[in-house]
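Enquirer: So the chains spell out like this:
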Amino acid sequence: MNIFDKRLIINTGKGGVGKTSVSAAIGLAAARRGKRVLIMQLGVKDRMARLFGSPPVGTEPIEVEDNLFAVNVTPQAAMEEYALLKLKLKTIYRAVFENRFIRTFLRVIPGLNELVYLGKAWHEEQARDTLGRPRWDMIVIDAPATGHGIFFMQIPKMITAMISSGPMYDEAMQIRRLVEDPTRTALNLITLVEEMPVNETIELKERVDSELHVPLGFVVCNALYPDRFSANQRALLHKLEQGYPENDDTLASLLDAGLFRLNRVEMQQHHLDRLETSVDLPQIRIPYFFTERFNFMTVSKIADEFNRQASAHAKGEPIPQPLPPEEPEWTGVGEAP
Amino acid sequence: MVHAESLNDLILQKKIVVCVGSGGVGKTTTSAVLALHAALCGKKVLVLTIDPAKRLANSLGVSALDNEERRIPLEAFESDTRGELWAMMLDMKRSFDRVVERYAPDAETRERILTNRLYKYFSTGLAGTQEYSAMERLHDIYTTGAYDLIIMDTPPTVHALDFLDAPIRMAEAVENSALQWLYKPSLAAGKFGFGLFNIGTSYVLKTISRFTGGEMLNELGDFLVNFNSMFEGFGTRARRVREILSSDVTLFLVVTSPDPATVDEARYFRDRLQEEKIPFGGFIVNRVHKPYVPREMLHSSAESIAEAFTTYAEASDELVLDNDDETRHTLVGLGAQLVKNAAEFQILADLDHQTLEALRERTRGEIHIKEIPFFSRDIYSFEGLDRVRRVLFDLGKATASQEGKLSASHSPPPR
Numbered sequence: 006m007n008i009f010d011k012r013l014i015i016n017t018g019k020g021g022v023g024k025t026s027v028s029a030a031i032g033l034a035a036a037r038r039g040k041r042v043l044i045m046q047l048g049v050k051d052r053m054a055r056l057f058g059s060p061p062v063g064t065e066p067i068e069v070e071d072n073l074f075a076v077n078v079t080p081q082a083a084m085e086e087y088a089l090l091k092l093k094l095k096t097i098y099r100a101v102f103e104n105r106f107i108r109t110f111l112r113v114i115p116g117l118n119e120l121v122y123l124g125k126a127w128h129e130e131q132a133r134d135t136l137g138r139p140r141w142d143m144i145v146i147d148a149p150a151t152g153h154g155i156f157f158m159q160i161p162k163m164i165t166a167m168i169s170s171g172p173m174y175d176e177a178m179q180i181r182r183l184v185e186d187p188t189r190t191a192l193n194l195i196t197l198v199e200e201m202p203v204n205e206t207i208e209l210k211e212r213v214d215s216e217l218h219v220p221l222g223f224v225v226c227n228a229l230y231p232d233r234f235s236a237n238q239r240a241l242l243h244k245l246e247q248g249y250p251e252n253d254d255t256l257a258s259l260l261d262a263g264l265f266r267l268n269r270v271e272m273q274q275h276h277l278d279r280l281e282t283s284v285d286l287p288q289i290r291i292p293y294f295f296t297e298r299f300n301f302m303t304v305s306k307i308a309d310e311f312n313r314q315a316s317a318h319a320k321g322e323p324i325p326q327p328l329p330p331e332e333p334e335w336t337g338v339g340e341a342p
Numbered sequence: 075m076v077h078a079e080s081l082n083d084l085i086l087q088k089k090i091v092v093c094v095g096s097g098g099v100g101k102t103t104t105s106a107v108l109a110l111h112a113a114l115c116g117k118k119v120l121v122l123t124i125d126p127a128k129r130l131a132n133s134l135g136v137s138a139l140d141n142e143e144r145r146i147p148l149e150a151f152e153s154d155t156r157g158e159l160w161a162m163m164l165d166m167k168r169s170f171d172r173v174v175e176r177y178a179p180d181a182e183t184r185e186r187i188l189t190n191r192l193y194k195y196f197s198t199g200l201a202g203t204q205e206y207s208a209m210e211r212l213h214d215i216y217t218t219g220a221y222d223l224i225i226m227d228t229p230p231t232v233h234a235l236d237f238l239d240a241p242i243r244m245a246e247a248v249e250n251s252a253l254q255w256l257y258k259p260s261l262a263a264g265k266f267g268f269g270l271f272n273i274g275t276s277y278v279l280k281t282i283s284r285f286t287g288g289e290m291l292n293e294l295g296d297f298l299v300n301f302n303s304m305f306e307g308f309g310t311r312a313r314r315v316r317e318i319l320s321s322d323v324t325l326f327l328v329v330t331s332p333d334p335a336t337v338d339e340a341r342y343f344r345d346r347l348q349e350e351k352i353p354f355g356g357f358i359v360n361r362v363h364k365p366y367v368p369r370e371m372l373h374s375s376a377e378s379i380a381e382a383f384t385t386y387a388e389a390s391d392e393l394v395l396d397n398d399d400e401t402r403h404t405l406v407g408l409g410a411q412l413v414k415n416a417a418e419f420q421i422l423a424d425l426d427h428q429t430l431e432a433l434r435e436r437t438r439g440e441i442h443i444k445e446i447p448f449f450s451r452d453i454y455s456f457e458g459l460d461r462v463r464r465v466l467f468d469l470g471k472a473t474a475s476q477e478g479k480l481s482a483s484h485s486p487p488p489r
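Line by line, the protein sequences give chains A and B. Mind the numbering: the first sequence is residues 6 to 342 in this note's numbering, read in order. Mind the numbering: the second sequence is residues 75 to 489 in this note's numbering, read in order.
Zero decoy hints are in this set.
Straight-line distance between alpha carbons at most 25 Å, and here's what the computed BS3-like set of lysine-lysine pairs gives:
1. 414(B) <-> 244(A)
2. 320(A) <-> 40(A)
3. 444(B) <-> 117(B)
4. 118(B) <-> 88(B)
5. 88(B) <-> 351(B)
6. 471(B) <-> 117(B)
7. 210(A) <-> 194(B)
8. 117(B) <-> 89(B)
9. 91(A) <-> 162(A)
10. 306(A) <-> 414(B)
11. 306(A) <-> 320(A)
12. 117(B) <-> 479(B)
13. 306(A) <-> 40(A)
14. 280(B) <-> 91(A)
15. 93(A) <-> 280(B)
16. 444(B) <-> 351(B)
17. 50(A) <-> 306(A)
18. 88(B) <-> 117(B)
19. 351(B) <-> 50(A)
20. 280(B) <-> 95(A)
21. 194(B) <-> 162(A)
Short derived list, chain B residues pointing at chain A, Cβ under 7 Å:
22. 97
23. 281
24. 285
25. 286
26. 289
27. 367
28. 371
29. 404
30. 411
31. 416
32. 418
33. 421
34. 425
Don't read these hints as lab results, they were simulated from the structure. We put the beta carbon where it would ideally sit given N, CA and C, even for glycine.
Using the sequences and the accompanying hints, generate a full structural model.
Expert: Encoded structure:
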């Protein structure tokens, strides 16, 4: 599978695992390969501006990097855009959709926001420029967290199961044809390699298999601590732990930090093994970067790493070894050692 | 100036403590720790959690949690507390069914709602249903007075305080007289379901049906009419819970991580709580990186570290290092990595410190900001929860024998 050939990438996973930064990085990786990319945030507090150092991202796409655009879709804006497309007349739109009663009414229609978001993605995927070329080569959706994420992707299927005709049915069918098409769409599961996020990823994969027909892409394992110690060094570290220098605070603290790292890396490996056994999907492993505040440089490094591994998967090559840990760099925070 | 009352005192004075925060910041674990603490202080406590991993149930010493309140044994703590710890999990999928069963005016309406196709598909997704169910359950348990304290974990939400707002918004939408104007005529005629909207009679509905189609609109009408019959008093109830949550018996805590974006959200939560005049107890910051070694040590050469360990080993009975070239070589290599590793954690500690100092400045030191260090091991065990508890309430470290007893208790050993 070549992820960069897809038209629609949807990223979901447990809250707090880094869906937004991974979405930004995948978009950036594709843009650097010459694709014209749109990143869609769905009615959340904008986070792209912080990552790309751009002006705030609103309901109109703005270019945040060469070839890379971002938008923050709200249900109101998307609904207006869609309604105007159908109604042609703004006065009718105003009379009906901006009516206070109707707004209240629209708010209680279950699944309407989700349908509007997916409808927006579908329209962007279909959009062509004056020469008939697609407006976007790739659209990346930073989707809601797991539970809500499943509901989000189930909506078109629920609608087509419930009604059998009408404009809403047609709309839902069109969306289904896109999101269920393995040549155009991939759903990535983003996770941290810890107990709860991995449990949720395993459950999520089962639910996608049984309840959704959305084709899966990668499991993206985010923020992995790079291993610092060789096998010999690890053995020695354990030995030092046995004879813990209780009377020497400085040595003890140095050892504590080392053991913390060792424990994390071992715990990570345990959860990576669980993922490998339980989730039959190719993995992308993103290292944790100690060296900076999370900013454009970090997104850029994650994009490179994603590109390196995803390209190997696309060519069927062996997955490259993880890069050696970076040398710690002082970034001007606190006193340099 | 630090808050006059300790977090401990604040919590023990209350009847309800609600933990809110963005996804993935450790709300569930924090709730469990608070409940454990209050129980050890002699309270009868219930922790109401939302969908915790099985491991958290295990860490509380039971194999699973469900909709029933379960007593968690505290023997492992060897405390002579008369307190009791109880836990239950809200099953979000089923909980709204219970609301329907309770409020439907008669069996026929109940059946019609539960079998309505829209309801079946959307009862878990309809805006506000989860939050409403959670509040309703909280209210029921609170009014029985069976517990001294209820600790409430909240569902992960897309928007800051959906937990508070969604139930009322939902009630308002359904009660809204304007909305009833859309479907009341057929109610008055004693008609349910199809033909409800009488497509064609209303310009507005005609326009909407251009988007939804008539079939969808009819389903929706059916759904709303049946629902409406159930919502007599629904809004009153939602507002009563809201009143309790805004009163002195309640305390809200905002849980966060030290990540700047998450801290921004946490501040936003706190602002919203204050706007709504809801009692706010402070921030609990999970997974804070602490510096390990004195800063000057980060200059040390690999050789000097190796030397220090060798010297220590010579004087120690416990640590024996082989005196061969390979060991010496490994020790120097390890020394280099240990210094780099400590430097990396120093960077994270500095960043976290900077973020939290900025938060302290903004809140002018008037608000509790409790930091919980990032532990390398899973905290899903009694031992782990106790470790967090000791930090949160400034209790000092457990003795080795206390830790041993906890880890030897029924909960699975931490990895």
